[in-house]
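A.B. asks: UniProt numbering numbers the first residue of the sequence shown as 1 and each following residue consecutively.
Since the hints were made in silico from the structure, they are not lab data. A couple of the hints might just be wrong.
Under the rule of at most 16 Å between Cα atoms (straight-line distance), these lysine to aspartate or glutamate pairs were calculated in the EDC-like manner [said to hold, decoys possible]: (1) K71 <-> E85; (2) K95 <-> E85; (3) K116 <-> E126; (4) K138 <-> E128.
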Amino acid sequence: MDKDNSTIKRGDKRTRSVISSVSDADASVSEQKNIKQKNKNQKNQQSDTQDDSQDEQEINIASEIHSINQKLNNMLTKDSSNLRELIKDVVLQLKEEMLGSLVIRIEKVESELFDKELENSKLAKEIETLGKPLNEQKNENERLQKQIKTQSENNEIKMNELEQYSRRSNIK
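Between the sequences and the hints, there should be enough to build the whole structure, so can you do that?
C.D. replies: Printed below as a string of structure tokens:
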């Protein structure tokens, strides 16, 4: 133990067997470095694949932006009919939406008007059927009034004749 104790440094409480040598320490450090480098390589490979996917996404986005830009340029030219067609479609859609409720109202009013016309035609037929007996009754009343008038005239004439006859009889 004295041998071991003689090699112990003053501040060190560990024995020499416990203290590792420089070569042992270098080997363990190099092993740790190799493990760390392997981990770094794996991380680098993962980051490279992520970078590649990000690059692909950026390229896709750039191509989409470019195509949108071309479409906008085409729409803004005078020769483009796409803008006109788009505006026509939008106007037609707005027109249909606005006129939709108006069409429904018109259809309601038309149906009510049709119903009233049907009712009016039914009432006209009823008036016609009731009008025939009424006209017959009026004609009968007029005939009876004429008959009464002629009867009363005949009665007056007969009364006059009777009076004259009675005067003649009284005179005789």
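A.B. asks: Hinted pair, alpha-carbon criterion (16 Å max): K116, E126. Please report holds or violated.
C.D. replies: It holds: about 15 Å lies between the C-alpha atoms, which stays within 16 Å.
A.B. asks: Taking only the CA atoms, is the gap from K138 to E128 under or equal to 16 Å?
C.D. replies: holds, 15 Å
A.B. asks: When you check the alpha-carbon spacing of K71 and E85, does it fall within 16 Å?
C.D. replies: Satisfied, since the Cα-Cα distance of roughly 14 Å is no more than 16 Å.
A.B. asks: Between the alpha carbons of K95 and E85, is the straight-line distance 16 Å or under?
C.D. replies: holds, 15 Å
When held up to the earlier numbered hints, the structure conflicts with none and fits them all.
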